[in-house]
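Protein chains in written order, with this note's numbering: chain A, 468 to 749; chain B, 114 to 406.
These are calculated hints, taken from the structure and not from any lab test.
All values derive from a computational prediction rather than experimental measurement.
There could be a bad hint or two in this list.
[To be verified] Simulated restraints, written as ranges between beta carbons of each label pair:
# : chain 1 : residue 1 : chain 2 : residue 2 : range
1 : B       : 301       : A       : 480       : 24 to 30 Å
2 : B       : 235       : A       : 663       : 29 to 35 Å
3 : A       : 513       : B       : 223       : 53 to 59 Å
4 : A       : 694       : B       : 320       : 35 to 41 Å
5 : A       : 740       : B       : 235       : 20 to 26 Å
6 : B       : 235       : A       : 502       : 35 to 41 Å
[To be verified] In silico DMTMM-like links for lysine to aspartate or glutamate, alpha-carbon gap of 25 Å or less:
#  : chain 1 : residue 1 : chain 2 : residue 2
7  : A       : 635       : A       : 578
8  : B       : 224       : A       : 742
9  : B       : 224       : A       : 739
10 : B       : 226       : A       : 578
11 : B       : 226       : B       : 298
12 : A       : 649       : A       : 636
13 : B       : 321       : B       : 298
14 : A       : 522       : A       : 509
15 : B       : 226       : B       : 364
16 : A       : 635       : A       : 586
17 : B       : 226       : A       : 739
18 : B       : 224       : B       : 298
Quick reminder that beta carbons are idealized off the backbone N, C-alpha and C, glycines included.
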Amino acid sequence: MKNIQSSPSPYKNIEFILGSLLVGGICLLVLFSFIIFPDGGESIDLVHRLQPPFKSAAHFLGTDPLGRDVLARMIVGGRISLVVGSFSVLGAVTMGVVLGLVAGYYRGFWDTLVMRLADVQLALPFILLAITFTAIVGGGLRNTIILLIVTQWVQYARLVRGLVLTLKEREFILSARAIGVKDRGILFRHLLPNLAGPIVVLMTLNIANNILLESSLTFLGMGVDVMVPSWGGMLADGRTYLQNAWWVSVFPGLTLLLLVLGLNLFGDWLRDRLDPTGRTAK
Amino acid sequence: MVLAVTFIVSYAIRLTGDPALMLVQGAGSVTEDDLVRIRESLGLNVPFIVQYLNFLKGFATLNFGKSFMGGTSVALLISKALPATLLLALASMAISILISIPLGVAAAVSKGKWQDQLIRILSLVGISFPNFWLGIMFVLFFSITLKWLPPSGMEGPLSFIMPALTMGIIMTATNVRLVRTTMLDTLQSQYIMVTRAKGLSEKAVLYKHALRNCGIPLITYFGLQFGGLLGGVVVVERVFNWPGMGTLAFDAVASRDYPVLQAVVCILALLIVSVNLIVDIAYGYVDPRVRKE
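Next up, chain B with everything else stripped away, as it sits in the complex:
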């Protein structure tokens, strides 16, 4: 699967145009010889399949080659951008889990009452929010009007608040519904009836017995969201000029920087596929019922 993805991506990127032409733009008089020399130095003179095999070999040894723009090693660029993106993704996920679990539980407990309806409407509003616009509104409010937070870049913990909140809130909207339905399912089961019959307090029933049994399906959902989360982070990065994989990818598209774009897309895809795989395995490990099937 990963192989198929990397192959398609690297082939497709090469259809976009000649980076040698891009590089010499504005350089004045350029002869055909110059172009040939540039292509040779970039390793573009060999057939595509050889270039692809070279890329795979490099990928396995974490040597992604050099960026066409400025000749910085791609591994270095990635090693700076990947942690920035992952940190942002983790922070968003943490925010979303912290908000959505109490809200989802509250909605499930008050099923059909006004609290439930309110949370339902709020979650619909959240799903409808364009993530980049929410980001812009945060900048307008917290950076320009109140001057509390830095509008862009990644400097210090304060700069995390707005991007992480943007992604976190958008994700919360879907997660609340997930928590609610999972919780409703669990609350109907017989062991919950037993805990109630034993006379446990409502708090103990909910948080000690019910929530724990919701844990397994919820972890799976959250894990499978990872792909969507990364996708969202890539867009939000653009709003906040966050120095992550998204910014790297958009710049690479603009300058037809094959090695960078190829590495970014492949690493993100690899990351998503492996997280999904880990979730699948973990699921069977935590819940013995799955292994039996």
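So that you can see chain A by itself, here it is in the shape it has in the complex:
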């Protein structure tokens, strides 16, 4: 138990402040987008198509090839990223933690099964699984979330299993068993709270990663529907008009970068706080 009180470095605080400002700011904007942009950035205005940014107050970041406001679509598009990021991580955590707990605590058949499955999945890079998956069931918001859950649970299962293997030999678990606590009680009331730190750290970093993956899938045309405003979709649209309308692809990408960066900064800070021994380090 060394280094819990790691030396206070001014840089660490910058990481926290910058991270929470970026994430908090973008989340707030996206949450209030229902009020700021009641039309959802969908109003088409062909007369004012491809307007450059910083010229008029009505379209501060310019308009896209259909005359839709880039700023509005960008902020509304954040909904997709936040929804996919949070739901896919919640799903993956639930699945991974339960399977990891069971595998690490009971060992034997379940352990072998879960870990074999994890090995096969890790042999294939995400994008190949994604291509095959979308070829079968198609894209869309729900399928994208499912795809991310079934590909990302492995990380949690491995982390939890590894930690359980060492924790279950500790005295407090032995004494819990000695006084007759049921298996379920041991798993969820005694083991799980001790794993919370590393799991929360992994979750933060995983949200960032999943948001990136969703946008690349959508960019490739395999994620959410292109008609729904999303950052990946806007980038795919904008790429065709790169020659004469740079703003359509620059701003959504920049927001995506800032959100992911904020989450990563925050996760990095969290890791030093909750997981000083670096169990979630890559």
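Based on these hints, arrange chain B on the given structure of chain A.
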């Protein structure tokens, strides 16, 4: 493992729909007889397990059958796309190694100072970059604004710069951290203290003694990254219209071209599994301590 992967992939692809229907789209009046004839000519009229065994037999003899679209032999398509993808992957890896080793060493040496923090922040920024967006920004800057580099395709060495740089920079972000931690571990060991005590120059200590001992773990990390690298290359290919495996796969999905998709996914998976295996074996070969365990 490879068998399991190929089986699942080829079974799954067949669930996606009937390619015969795809082929006749827009062909006007089509009777059920026509569809049956097309299926027969594509070898789709036999049960799946027979199709799969045929595929495996073909795979072993490098005969992947013909593409449903246009009837080009799949082996020919792959023989063009695979080198393009591998070249791009190798170029990206070379760039990433060239940048990340000096930066990682610099960060480790200046641990806790501002140089270290700067490199740490830069690497966080790099990890957060969407690879396809970085590619688009390169096109915007180097092809459209400066008109220095071709925006897409694979023609001549100039066309390599942007795609390889895109992947290389993204990978560098993670690699710098790896180099830094490995180097920090090595610098704490006693033989480094001995070299310092001998009065060797700092440069000799770092690059002759420390870096060499970092080599083994780093080679392993870089090797195990191969899967992720290929995955990234597949996405970046799309941005630059690179004629590689990624482009081939996306087109095959769109047209339900089973033989092509099956071959692409299986070859990539096989490649990744075998690289990982080679790395594992090489690791034990280079570092005798591993063999003892």
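>> For residue 226 of chain B and residue 578 of chain A, compute the direct alpha-carbon distance and say whether it is at most 25 Å.
In response: violated (44 Å)
>> Holds or violated: the 35 to 41 Å window for the beta-carbon distance between residue 235 of chain B and residue 502 of chain A?
In response: holds (37 Å)
> Can the restraint linking residue 649 of chain A and residue 636 of chain A be considered satisfied, given a maximum Cα separation of 25 Å?
Replying inline: holds (16 Å)
> Would you say the C-beta atoms of residue 513 of chain A and residue 223 of chain B sit inside 53 to 59 Å of each other?
Replying inline: 56 Å Cβ-Cβ, so the 53 to 59 Å window holds.
> Is residue 522 of chain A within 25 Å of residue 509 of chain A, Cα to Cα?
Replying inline: holds (21 Å)
> Taking 25 Å as the top limit, are the C-alpha atoms of residue 226 of chain B and residue 364 of chain B close enough?
Replying inline: violated (49 Å)
> Straight-line Cα separation of residue 226 of chain B and residue 739 of chain A no greater than 25 Å?
Replying inline: Distance of about 18 Å is within 25 Å: holds.
> Within 25 Å, alpha carbon to alpha carbon, are residue 224 of chain B and residue 739 of chain A?
Replying inline: holds (16 Å)
> At the C-beta level, are residue 235 of chain B and residue 663 of chain A separated by a distance inside 29 to 35 Å?
Replying inline: 31 Å Cβ-Cβ, so the 29 to 35 Å window holds.
> Within 25 Å, alpha carbon to alpha carbon, are residue 224 of chain B and residue 298 of chain B?
Replying inline: Holds: residue 224 of chain B and residue 298 of chain B sit about 12 Å apart, inside 25 Å.
> If you draw a straight line from the CA of residue 321 of chain B to the CA of residue 298 of chain B, is it 25 Å or shorter?
Replying inline: holds (16 Å)
>> For a C-alpha distance cap of 25 Å, please report whether residue 226 of chain B and residue 298 of chain B respect it.
In response: holds (18 Å)
In summary, the structure is inconsistent with hints 4, 10, 15 from the numbered list given earlier, while agreeing with the others.
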